[in-house]
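Chemist: Given the coordinates of chain A, assemble chain B with the ligands onto it according to the supplied hints.
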Amino acid sequence: MDNYIIEVKDLVKVYKTGNIKAVDNLNLQIKRGEIYALIGANGSGKTTTINVLTGALYPTSGKVRILDYAIPKDRKKTANFIGIAPQEYSLYNELTLEENVRFFSLLYGQSKSEFRERLDHLLTILSLHEKRKTVVKNLSGGMKRRVSIACALIHDPVLLFFDEATVGIDPVQRKFFWDYFRSLVKEQEKTIILTSHVMDEAERADRIGLMRKGKLIEEGIPSELKEKYHTSTIEEIFIKLSDVGESE
Amino acid sequence: MKVEDKNKNINKEQKKTKGNQELKTFSWKRVLAVTIRILNSFKRDPRTLGLLIVVPSIIMIVFGLAFSGEVKDVPIIIDNQDEGFDIGPISLDIGTNITDFLINDTRVDVYLGSYEDNIQQVEEGKYIAAILIPSNFSEGIYRLSMGYNTVIEIIVYIDATEPNVRASVLNSLYDALAEIRGSQGIQINQIIAHGGSEYTGLEVGMSASMAYVLSFLLLLISLVTLIREKISGTESRLYSTPLTATERMLGYVFGLTIIGLLMIFAIMIFGIFVFGIEVRGSILLLFISFILFGMVHIFLSLFLSNYAENEFQAIQFTPIIVIPGMAVSGMLIPIYSLPDWLEPLSFVFPLTYGVNIIKGIMLKGWGFKELWLDFVILTGMIIIFFVLALITVKDRMSD
Ligand SMILES: Nc1ncnc2c1ncn2[C@@H]1O[C@H](COP(=O)(O)OP(=O)(O)OP(=O)(O)O)[C@@H](O)[C@H]1O
Ligand SMILES: [Mg+2]
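Line by line, the protein sequences give chains A and B.
The numbering of the first sequence is the UniProt record's numbering, which starts it at 1 and goes up by one.
The numbering of the second sequence is the UniProt record's numbering, which starts it at 1 and goes up by one.
Source of the hints: derived by calculation from the structure; they are not laboratory data.
You may find that some hints are simply not true.
As the list claims (entries may be wrong) - Just some of the chain B residues that point at chain A, by a computed CB distance under 8 Å:
| no. | residue |
| --- | --- |
| 1 | Gly-233 |
| 2 | Thr-234 |
| 3 | Tyr-239 |
| 4 | Ser-282 |
Claimed, not checked - In the PhoX-like style, the derived pairs of lysine-lysine whose C-alpha atoms are separated by at most 25 Å in a straight line are:
| no. | chain 1 | residue 1 | chain 2 | residue 2 |
| --- | --- | --- | --- | --- |
| 5 | B | Lys-230 | A | Lys-16 |
| 6 | A | Lys-76 | B | Lys-43 |
| 7 | A | Lys-213 | A | Lys-228 |
As the list claims (entries may be wrong) - Across the chosen pairs, the derived CB separations fall in these ranges:
| no. | chain 1 | residue 1 | chain 2 | residue 2 | range |
| --- | --- | --- | --- | --- | --- |
| 8 | B | Val-387 | A | Glu-189 | 29 to 35 Å |
| 9 | B | Phe-63 | A | Gly-109 | 28 to 34 Å |
| 10 | B | Thr-244 | A | Tyr-229 | 42 to 48 Å |
| 11 | A | Gly-220 | B | Asp-399 | 26 to 32 Å |
| 12 | A | Glu-236 | B | Val-54 | 53 to 59 Å |
| 13 | B | Gly-380 | A | Leu-95 | 53 to 59 Å |
| 14 | A | Glu-117 | B | Ile-269 | 43 to 49 Å |
| 15 | B | Thr-379 | A | Lys-133 | 51 to 57 Å |
| 16 | A | Asn-25 | B | Val-54 | 55 to 61 Å |
| 17 | B | Gly-251 | A | Asp-206 | 37 to 43 Å |
| 18 | B | Val-387 | A | Thr-231 | 56 to 62 Å |
| 19 | B | Ile-291 | A | Gln-29 | 50 to 56 Å |
| 20 | B | Val-376 | A | Glu-117 | 46 to 52 Å |
| 21 | B | Val-54 | A | Ile-239 | 41 to 47 Å |
Ideal Cβ placement from N, Cα and C applies to all residues, glycine included.
Just chain A, with the same shape it has in the complex:
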């Protein structure tokens, strides 16, 4: 048994509608305690990859192992260990912030006291204490994002997926997040997979994977990548490699 928390081998995902090969022979290995940033142009297959990894979407072919469980076969076994903030913040608009988070807390089998303690902790980190009783519909876009992140973190998972989770979040909050993410990884050996179009955010990751048309075309530690391509920013590498001129 090796210490990869995520192992993906020759993953292919073809969407039947439109016959689109959204993920094309993807290989990925992620260690426990890593922050891994998946970057790539719109439609390059990042969300599709994450949905397969979390077990929400079934792959066409290939092998996926999460926490040493086969996905999607054992997806309900891993479910308690993973937290997801999807690209579309999927929340119950008519429920309050607390009711939304409580719902997920119950799904993950938390007790009331565990929930209270955890929610308190998260609301402090997410600066959402006053909005606790506010109906989600009446929150700002960035606040909804933060609630979605709270739902992903409520059960203290070891593996986190943030699909563009920081879109619309202001710089101050974003800095809080990153400090928090870092501490999670450092102190608790959590693993975070995120996608982002903000390149300075991607640069803070331990490793970056660049996707193009469903393929992982480059991967590595940010500083090494910059050296390899003789650039000062990841953004330049992105533009160089991801063929933004003609998306898809």
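Modeler: Then chain B with the ligands, alone, in the frame of chain A:
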């Protein structure tokens, strides 16, 4: 294409378009934009478009057929005990004449049998009336025509819970008598079934409507609730939580049942206390029946929601089930009055059993003894819909 090249092209394009046009306060172009937008949305959703054309036609056909005749084919029992009467070479057999007349009358569907044995069948709703023609019937009619003062009595044991059905039976009997000799001197002695229950159209209509309202609203509310989860994107988030599809379904069922209970309370309070419809059977059984009947719709919507991709389709399902249901469930005209080939359709709709149970308990004082089959069928429907829902439920994103 390089980024710089692309930018050049965009700049060229921008010069061509006229900027800063003066804004009109009203523009048909903008109206047209909305119109086209609506039509395009429909174009992308051919199922809804199909339903929009098919549903009204189905509804019209069913209604047309259901209303094409008045109440007819009412099942009745005739016990003709008439012994006949011989006047010289001529022998009178008026009981048989009347029976034959009724057999040929489309308003009633005649079965021959013993009056005594079939009273119970009338109580149980198998027949609407049992008619007893006495043994001295022909003789009595002969005597009447000879000017003797005598009384001839036809006994009709009749279900009077539905005024139009009762009228149909009695009218055909009067017509038969008129055909023979005129009904003067012949007494029709009606014995009213279900402990003398006679109702007005209001009471009959209201009790059936109670079942109908629950059916209609609960189906709609359940479907919309379930679809909302799908289109809000929350459902796909649930796929990667420990929640299984079965747990999710059961959660929906309990939640919607509680909503259903509120509706049942409202419906029962209005029907019984505001409109003052008497409940001859057990109120508790009525309540339980409403719950069972309501749950059929919750489970049905669980199944149907797996086939609806958007709220349009969900809402389209409702009239397909609810409107033909109204026509064939016995709510408007009795099931036996439907065209023969339409009759089997009525056994598919939960409303048929709901109406029978609710009317039975409220108007006829029926209990489990008379209604057990309806309860079994509704329970069976719940099981079938639940199994179908579990088979078709989505527990992963579609590809
Ligand atoms: N449900 C779907 N059915 C059919 N095709 C889909 C579906 N979802 C995504 N696709 C297609 O799959 C490809 C990859 O999409 P995906 O959402 O994974 O991209 P992404 O990298 O997350 O893009 P973005 O940066 O815009 O979020 C795209 O071409 C997209 O059109
Ligand atoms: Mg995406």
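Chemist: For each hint, tell me whether it holds in the structure or not.
Modeler: Tested hints:
no., hint, result
1, Gly-233, "holds (4 Å)"
2, Thr-234, "holds (5 Å)"
3, Tyr-239, "holds (4 Å)"
4, Ser-282, "violated (38 Å)"
5, B:Lys-230 <-> A:Lys-16, "holds (20 Å)"
6, A:Lys-76 <-> B:Lys-43, "violated (38 Å)"
7, A:Lys-213 <-> A:Lys-228, "holds (22 Å)"
8, B:Val-387 <-> A:Glu-189: 29 to 35 Å, "violated (45 Å)"
9, B:Phe-63 <-> A:Gly-109: 28 to 34 Å, "violated (52 Å)"
10, B:Thr-244 <-> A:Tyr-229: 42 to 48 Å, "holds (46 Å)"
11, A:Gly-220 <-> B:Asp-399: 26 to 32 Å, "holds (31 Å)"
12, A:Glu-236 <-> B:Val-54: 53 to 59 Å, "holds (57 Å)"
13, B:Gly-380 <-> A:Leu-95: 53 to 59 Å, "violated (36 Å)"
14, A:Glu-117 <-> B:Ile-269: 43 to 49 Å, "holds (44 Å)"
15, B:Thr-379 <-> A:Lys-133: 51 to 57 Å, "violated (42 Å)"
16, A:Asn-25 <-> B:Val-54: 55 to 61 Å, "violated (45 Å)"
17, B:Gly-251 <-> A:Asp-206: 37 to 43 Å, "holds (39 Å)"
18, B:Val-387 <-> A:Thr-231: 56 to 62 Å, "holds (60 Å)"
19, B:Ile-291 <-> A:Gln-29: 50 to 56 Å, "holds (55 Å)"
20, B:Val-376 <-> A:Glu-117: 46 to 52 Å, "holds (50 Å)"
21, B:Val-54 <-> A:Ile-239: 41 to 47 Å, "violated (52 Å)"
When held up to the earlier numbered hints, the structure conflicts with 4, 6, 8, 9, 13, 15, 16 and 21 and fits the remainder.
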